[in-house]
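Protein chains in written order, with the numbering used here: chain S, 1 to 171; chain X, 172 to 428.
Think of the hints as simulated: they come from the structure by calculation, not from any bench.
Careful: at least some of the hints might be erroneous.
Unchecked claim - Straight-line alpha carbon distances no greater than 25 Å define the calculated PhoX-like cross-link-like pairs of lysine-lysine that follow:
#1 S:60 x X:180
#2 X:186 x S:10
#3 S:10 x X:241
#4 X:186 x S:62
#5 X:180 x S:62
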Amino acid sequence: MEGVERVFEKMVREHQHRIYAVGFALTGNRHDAEEVAQDTFLRAYRALGTYPPDRIRELKQKAWLHRIAVNVVRNRARGAKPRTAELNGSESDLMPGPESRALQRAEMDDLACRLAVLPPRFREAVVLRHVHEMTYAEVAEALDQPVGTVKSNVHRGLKLLRGEHDDRVDD
Amino acid sequence: MTALMTDLKRLGSMKAPDGFAERVLVEVGMADSYARFDTVLGEVYVAWNRFGVSAAARCASVAEFEEMFKREVGRPLLPAPAPADLAAKIEDELSGKRRMRFDLRQLTEFQQAVLRKAYEIPRGEVRPYGWVAKEIRRPDAVRAVGTALANNPIPYFIPCHRVVRTDGHIGNYGGGGPEAKKAILTMEGVRVNRLQELGRGGVRYQGVKTTKIYCYPTCHSGQRALEKNIVWLHDEKSARAAGFRPCKVCRPAAVAS
Chain S
1 MEGVERVFEK MVREHQHRIY AVGFALTGNR HDAEEVAQDT FLRAYRALGT YPPDRIRELK
61 QKAWLHRIAV NVVRNRARGA KPRTAELNGS ESDLMPGPES RALQRAEMDD LACRLAVLPP
121 RFREAVVLRH VHEMTYAEVA EALDQPVGTV KSNVHRGLKL LRGEHDDRVD D
Chain X
172 MTALMTDLKR LGSMKAPDGF AERVLVEVGM ADSYARFDTV LGEVYVAWNR FGVSAAARCA
232 SVAEFEEMFK REVGRPLLPA PAPADLAAKI EDELSGKRRM RFDLRQLTEF QQAVLRKAYE
292 IPRGEVRPYG WVAKEIRRPD AVRAVGTALA NNPIPYFIPC HRVVRTDGHI GNYGGGGPEA
352 KKAILTMEGV RVNRLQELGR GGVRYQGVKT TKIYCYPTCH SGQRALEKNI VWLHDEKSAR
412 AAGFRPCKVC RPAAVAS
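Isolated chain S, as found in the complex (with noise of 0.2 Å):
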């Protein structure tokens, strides 16, 4: 068990920026995104304890970690709608900062939103490819799917975030 929390503490503190951001890209607000953030890393916890030693030395966190927090997202969208707007700084970890981080901070947030508007699938391939930076390889093992399909996905998402009309997007 000691191992276990080592490994866990670990992971938390390596890889919190980066889930977290993922939660932010994919559900485009950063209230859900710390929700999503600690849902994720709770459920890693949880399986952790049921893993075997050698199951854990050989996870690959960073995919795993991805991977949980993909699902975390799709199913939070089962239930309530996301909140895909978050109104002006009304959150308590707005930091007071220079006005071009702010403005900084009005953009990312406005990007955000207009990835949270994309259908999911589009949506989770074009965050783990582009905002994460994690080869087709990687994000087709985090997202479960065939490395075609997420290329594809990644293509036309891209696409809709330019503002180009994708006549194939209600399949």
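Please arrange chain X on chain S, whose structure you already have, making use of the hints.
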């Protein structure tokens, strides 16, 4: 095209808010929260996690408490608003009305056994160090018992102050020295001066002539005896010789193993 990619990439460099990792660790019970409480003993810092209360101390500052916690418990620690019912629970525990849950995971089996045993000593009573050692079936480990009690991470809550020397000295106290120990015992209803006098006179037990039972002087089952029926006893042997048997409540004699 490139701008979009750059923006997407920047989205990936988002940072989790401050304290996020610690909050996750708190959630799974790997880190503790703490707050300061006003209690009958004055201001006390108390740390807790999902298993129960994990540390307590009267400290001059937040930094001192955090330092102490790091040294004695070692888990990450995070200030937090106290759960709504915790202050009342603490008050009840310290006034003997309730039993709380404690988290002693970081301690050895032996240390945990010593503290659990100390927790059995009722409010208003005291027991010798040797009694704790005998009760946990380590009769030779009296010094180690003293050390374990001195390192009690949750003083006041786990009443290590109720373990005293039998020779009239009150014994040391990690929670603020012998004076603090006396003050807390007095607050709990122990007649400390009388106890010390008895100890200095070599008295260890109180026998009651009518029942032929001998107890530790503070045992509640011996408190109802009339003054004229009380005899003061110096050791187990003479008590037995005079026809007394040990009390079954405070168990002054060796526990049969």
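Cross-check of the supplied hints:
1. S:60 x X:180: holds (22 Å)
2. X:186 x S:10: Holds. Residue 186 (chain X) to residue 10 (chain S) sits at ~17 Å (cutoff 25 Å).
3. S:10 x X:241: OK: residue 10 (chain S) and residue 241 (chain X) at ~18 Å, within 25 Å.
4. X:186 x S:62: Holds - the C-alpha atoms of residue 62 (chain S) and residue 186 (chain X) are around 16 Å apart, at most 25 Å.
5. X:180 x S:62: Holds - the C-alpha atoms of residue 62 (chain S) and residue 180 (chain X) are around 17 Å apart, at most 25 Å.
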